[in-house]
Amino acid sequence: MTHPSAFPTAGSKALPVALVGAGPGHPGLLTLRAAEVLSHADFVLYDRLVPLSLLSHCKPQAERVCVEQLPGDHAYRTPQIHAALIDAARRGLRVVRLKGGDPFVFGRGAEEAQALREAGIDFEIVPGVTAGLGATAFAGIPVTHRRHASAVAFVTGHEYPSKEDSQLDWAALAAFPGTLVFYMSVSRLVYLTQTLIAHGKPADTPAAIVQQGTTGRQRTATATLATLADTMQRGSFSPPSLVVIGDVVTLREEIAWVERLPLFGKRVLITRPRHQADSMAARVAQLGGEPVFLPVVDVLPPLTFDEIDSCIDAVGRYHWLVFTSVNGVRAFLNRFRLRGKDMRALAGLKLAAIGPATADALREFHLEADLVPSAYNSEGLVEALRPRVVGLRVLLARADRGLELLRDELSRVASVEQIAVYRQVDERPTGPALTLLHTGAIDLVSCTSSNIAGGLAMVLGEEGRKHIEAGRTKLVSISPRTTAAARACGLTVAAEATDYTTEGVLEAMVRLISADR
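Quick note on numbering that gives the first Met the number 0: the sequence shown kicks off at 0 and runs consecutively.
Just so you know, these hints were derived from the structure itself, not from any lab. Glycine residues also receive a C-beta, built at the ideal position from the N, C-alpha and C atoms. Check the hints yourself; a few may be wrong.
Unchecked claim - Pair ranges (Cβ atoms, derived):
no., residue 1, residue 2, range
1, Ile-254, Arg-90, 33 to 41 Å
2, Gly-27, Pro-176, 31 to 39 Å
3, Pro-300, Val-189, 57 to 65 Å
4, Arg-216, His-318, 31 to 39 Å
5, Trp-169, Ala-514, 21 to 29 Å
6, Pro-59, Arg-233, 41 to 49 Å
7, Gly-379, Gln-79, 39 to 47 Å
8, Trp-256, Thr-303, 52 to 60 Å
9, Ala-34, Val-412, 21 to 29 Å
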């Protein structure tokens, strides 16, 4: 069976619009189809609560607009949303409407589909994981259980404002023989609980409230139907929150699992270049943390390819080709292919990679490293290479800035040529992530290179530095050299990886948090 393309090929004035469910908040709960259509989109209109990390699935040139950027306030923004979708589609753009949860579960997706159909524009619905399933699962509350509930009802806490009469049958809800899950109910929780009790629901029915379910900021509290509103107020629960009522709530104590993850409730700032940050963000989420992106360094092509092309065209004269980063591998070998070269031209060379991630990058090109040192740093690579390159020609493919240790030391025993296959430039980020850093709302900061340490120091500001010095924000370094670079910039390092990899940084974070708990 052939898989359909993300969008039909442009052949008419208005292409189909994709109404896509983004899931309840965890970036890993986005469906494969949702990621596929996002990767082809020209225009993405997304909800405020959609994780910004999901937008990394978009191509760089895609236009991204949050609905809050449209005119009007929340109550009167629906016509503006419809108009934006229709206009973008009529301009021949591939349009994605990215909505929290599922488009058809209290998401107004049906209204947007109706507006598109009325405008004569085709559409596709991409279902998403709704909060009633995602948030409850992450809270350890199964909505059904053969001993406790054989049915579940999803109910909105806010009905359409222009309805003359409520469509909710409160007597039927009170008598419902299963689990009740209320969306958008925080502001009306007192009314909701009192009305259910007034219609015969036992006041001691187990109940729970889940705030920001499936994210690193998830909070859950349990109570009874009679005491839930007081519990919510004492705990300062706020939207987005979900209310669950029924016997299945009693299973939470046994099944709860997210709170047991080592980085649960911690905001982790990822400072790597954006194209390298996704894998680390996924691991942070797996460990229960909330990844926040703040790239302080970007990776760009060199200003000229003359030197690289010269080395590529004469690659057969070298005996060893040495890579000190994933970026170096991709930059050199992508240029190698663009020059029309066949990978078999490297058959006479031996390949060295500074660490396992760099070796994995070589495997992307179906190449295997001949040497990976046991210590994943420049010193380790020097010690491993030195006896193997005596009297030979060595090509170092690396960044335009960094230590000269590898070239200087190997030049003592070999003929070494070094080329910069990519540039590193300091970013000047703005936006919510920087605000979180300046206000002390970041718990952990990853520092995975000396250049990143310098870039971070430049964007921290006085307030951000104070939070690091006070220990509210903890900086975790990938290696002793990175630690030294951070300290040279006046930054306090709370922990250092023992394994000089991004996984090692995460392990150091886990140890640090475990010691504090």
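Checked hints:
1. Between Ile-254 and Arg-90 the beta carbons are some 49 Å apart, a value that contradicts the proposed interval 33 to 41 Å.
2. A beta carbon spacing of about 34 Å between Gly-27 and Pro-176 agrees with the range 31 to 39 Å that was offered as a hint.
3. Separated by about 60 Å at the C-beta atoms, Pro-300 and Val-189 satisfy the suggested range of 57 to 65 Å.
4. Between Arg-216 and His-318 the CB atoms are about 53 Å apart, so this pair departs from the stated range of 31 to 39 Å.
5. Taking the beta carbon of each, Trp-169 and Ala-514 are about 50 Å apart, not inside 21 to 29 Å as hinted.
6. A hinted range of 41 to 49 Å holds for the C-beta pair Pro-59 and Arg-233, which are about 46 Å apart.
7. Checking the proposed 39 to 47 Å range against Gly-379 and Gln-79 shows it is violated: the Cβ atoms sit about 57 Å from each other.
8. Between Trp-256 and Thr-303 the C-beta distance comes to about 53 Å, which sits within the given range of 52 to 60 Å.
9. Ala-34 and Val-412 have their C-beta atoms about 49 Å apart, which leaves the hinted 21 to 29 Å range violated.
Going through the hint list in order, the structure does not satisfy hints 1, 4, 5, 7, 9.
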